[in-house]
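Given the structure of chain A, go ahead and fit chain B onto it with the hints provided.
These protein sequence lines are chains A and B, in that order. Be aware that the first sequence starts at 8, since it is given in the numbering used here, and climbs by one per residue. Be aware that the second sequence starts at 39, since it is given in the numbering used here, and climbs by one per residue.
No lab work stands behind these hints: they were computed from the structure. Mixed in with the good hints, there may be bad ones.
[Claimed, not checked] Some chain B residues close to chain A (C-beta under 8 Å, calculated; not the full set): (1) ASP40; (2) SER49; (3) GLY53; (4) MET55; (5) TRP61; (6) LEU63; (7) LYS66; (8) GLN68.
[Said to hold, decoys possible] These stretches of chain A come out as covered by chain B in the derived footprint (C-beta under 8 Å, 3 or more residues): (9) 124-130; (10) 138-149; (11) 605-618.
[Unchecked claim] Some chain A residues near chain B, calculated using beta-carbon distances under 10 Å: (12) MET159; (13) MET160; (14) ILE163; (15) THR563; (16) THR567.
Every residue, glycine too, gets a C-beta built ideally from N, C-alpha and C.
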Amino acid sequence: MTAFAEPAQSLARPSACPACDAAPLAEHLADLPKEARLMLAVPGIHCGGCISGVERALQVLPGVHDARVNLTLRRVAVEADLDVEVETLCAALEDAGFEAHELDPGVLAATEVDARGRALLMRLAVAIFAMMNVMLLSVAVWAGAEGVTRDMMHWISAAIAIPAVIFTGQPFYSSAFGALRAGRLNMDVPITLAIVLAVGTSLYETMLSGEHAYFDAAIALCTFLLAGRYLDHRTRAGARSAAQELAALEVPRALRIKGQGTETVGIAELSVGDLVRVLPGGRIPVDGRITEGATELDRSLMTGETLPAAIGLGDRVHAGEANLTGPITVEVLATGRETDLARITDLIAVAEAGRNNYTSLADAAAKLYAPGVHIISALAAIGWFIATMDLRVALNIAAAVLIITCPCALGLAVPAVTTAASARLFRKGLLIKSGTALERLAEVDTVVFDKTGTLTDGTPEPSGLSTLDSSAQRIALALALGSAHPLAIAVARGLEDLGVRPANVSGCEEKPGFGIEGIWNGTSVRLGRAAWVGADAEAVTATYLRIGDGAARAITFADTLRAGAEALVTGLQAEGKRVVLMSGDVEAAVQTFADRIGIDEVIAEARPDAKAKAVAAMAEGGAKVLMVGDGMNDTAALTVAYVSISPASALEAARAASDMVLTGRSLEPILEAMGTARAARRRIKENFGIASVYNLLAVPLAVAGLCSPLIAALAMSSSSLTVSLNALRLR
Amino acid sequence: MDVLGILIPVSLGLGAMGLSAFWWLLRKGQFDDPEGSAHRILRDDYDDRPK
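Isolated chain A, as found in the complex (with noise of 0.2 Å):
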């Protein structure tokens, strides 16, 4: 194959080169009306193929113009006309094999141009072209160069690397200045006063024909401190356009009545008392009440409970909550930040404020690093002031020490590892929110996991199915083809990949809130609850089947366990950690399905305040909780735990309180992610390690004064080097 390869759907070239081709193209794309810019999440996505595979799957639709992926988001952005709409789109890709979900471009925007992130980018640039110069510079004057030669080498060193220090280390000197003011001392005082002082000294010494300047030195710092920012800056940008990405995957959109038809809003626009019609698999977008229609509500959600409710004419529902099966119409009493939805993910958000009170590595080490320097390298000063009564020594000593000890290694040793545990995780499908996860993390001994939703796909699977007979087999078939309750779905799929056909049923007719009835061989046939069927319900969740005045027949439903769950579990307790299942779900489902997947410790029928006061107790008992859970019902539980983690499918609030979102289906990311916790726990403090050996061997050197600018840009550069490395070996 050759590099201009025809993509497998355009039309035949008319000419040779692919130049000629794109022109007309181009004209044609200028005429056509504005474009709607279109944002998808495909978290599936991983290789070259796969890139080809959405690109392509996407290009041949009608109306698209260009799909353009990124995959180092694991995004696509499509042009397309005005009229594509998105569910095309992600039918499409799931025809073909990605996962796909639709993002709110609005909230997207602001993550789209990193600026904060350029223009640190762009510093380090500056710097690491300055730091080369000087080096180079440098290098000549440790080989020997002597007098006038030197003087100059050392004038146009000074002339390169004061602008540059200027501009690069401005990141650095606001903060200083910002917490001096505040009456604090943070890492970045240390480094400002050894970059003054190295610059200040050096242009002294140079003023004055000296042997000795640091331009090189404090250049060095700021490239090396630069690439530590830059990379803390990349994990916490990476993380908020997480955050932010979630928030964008509920594109909030509602169908208001007007007139006699409906109009798409967004949920912004609407007000309190519009009508709103929320039709079969649809969620509902704001509080309310119904003024029409009868409905079956998943609020497996909210609860936890995993049979849906029945509701009808007057019956409150919230904003969350599943539509299943009839056309509903609602009358809005409260929306947007008012729904109880919405009230809850604030008080989380609050409850969050006072979480955050975990002191990571970094700060512990820079709370002992920044005062520990100062006295250090004021006393060598006095020291040597006393000695030589030269302030001029005294200064360069001072200068020596803060310039040896500063915190390159430091700087960089904890973004250094956070950066490449995140990236890893990130490919096996878990995003991090939260700087001090990983920390958190490694230190987890109790899992606590929900049951519907998180360990369980939240889509129940039937069982028995076979032992029904062959007619009432393609009778229940024929019904549930009739409907999109997800039960009847489910029967559906089970029954079909038994190999039953459908039955001849007439008239299939649903009603929504019941089930499906018919007319079968001239005999009325239903499929639904138990009391419209006309049966005793059973404790767990099943579906009833009536053929003419025969007896109901139930066929009751397992929850389907989540990809990995298993795995996981057994992974947890193989570890040695205390695995609980917690759940809204009724003592019988929870205990049963305990067993079934291995867990001995089980608490049921946990209501939301019940679930966050159990993790509360085991903190208190000196546990440290990792939480896993998806629902509305979980959330307070998810901020109360050390460390909390929510699946992709998870509520929005319920997203918002983990620290930690898994992008695909599959559950066993986790145990990857607390063996990589621990290693970057070890990899950080590893990197302390090596940063306080490289200042016990270089610090008495440079208070006894033989610290020459060549040794302290071999050692920085060294420690730089060796912190960094050790990072990557998490990779």
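Showing chain B alone in chain A's frame:
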């Protein structure tokens, strides 16, 4: 030593060229998808309208 008068400005000039090239690429968004670019270069179909 006279040669330094030429070499130092030349080295600075080359460095500055590299720096401005980097700045231009940064503005053009060439560093927005490093992972994807690494895979795209191995692709068979010609990517004739990159954004």
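Status of each hint after checking the structure:
no.: 1; hint: ASP40; result: violated (12 Å)
no.: 2; hint: SER49; result: holds (6 Å)
no.: 3; hint: GLY53; result: holds (5 Å)
no.: 4; hint: MET55; result: violated (10 Å)
no.: 5; hint: TRP61; result: holds (6 Å)
no.: 6; hint: LEU63; result: violated (10 Å)
no.: 7; hint: LYS66; result: violated (11 Å)
no.: 8; hint: GLN68; result: violated (12 Å)
no.: 9; hint: 124-130; result: holds (count 3)
no.: 10; hint: 138-149; result: holds (count 4)
no.: 11; hint: 605-618; result: violated (count 0)
no.: 12; hint: MET159; result: holds (8 Å)
no.: 13; hint: MET160; result: holds (9 Å)
no.: 14; hint: ILE163; result: holds (6 Å)
no.: 15; hint: THR563; result: violated (46 Å)
no.: 16; hint: THR567; result: violated (33 Å)
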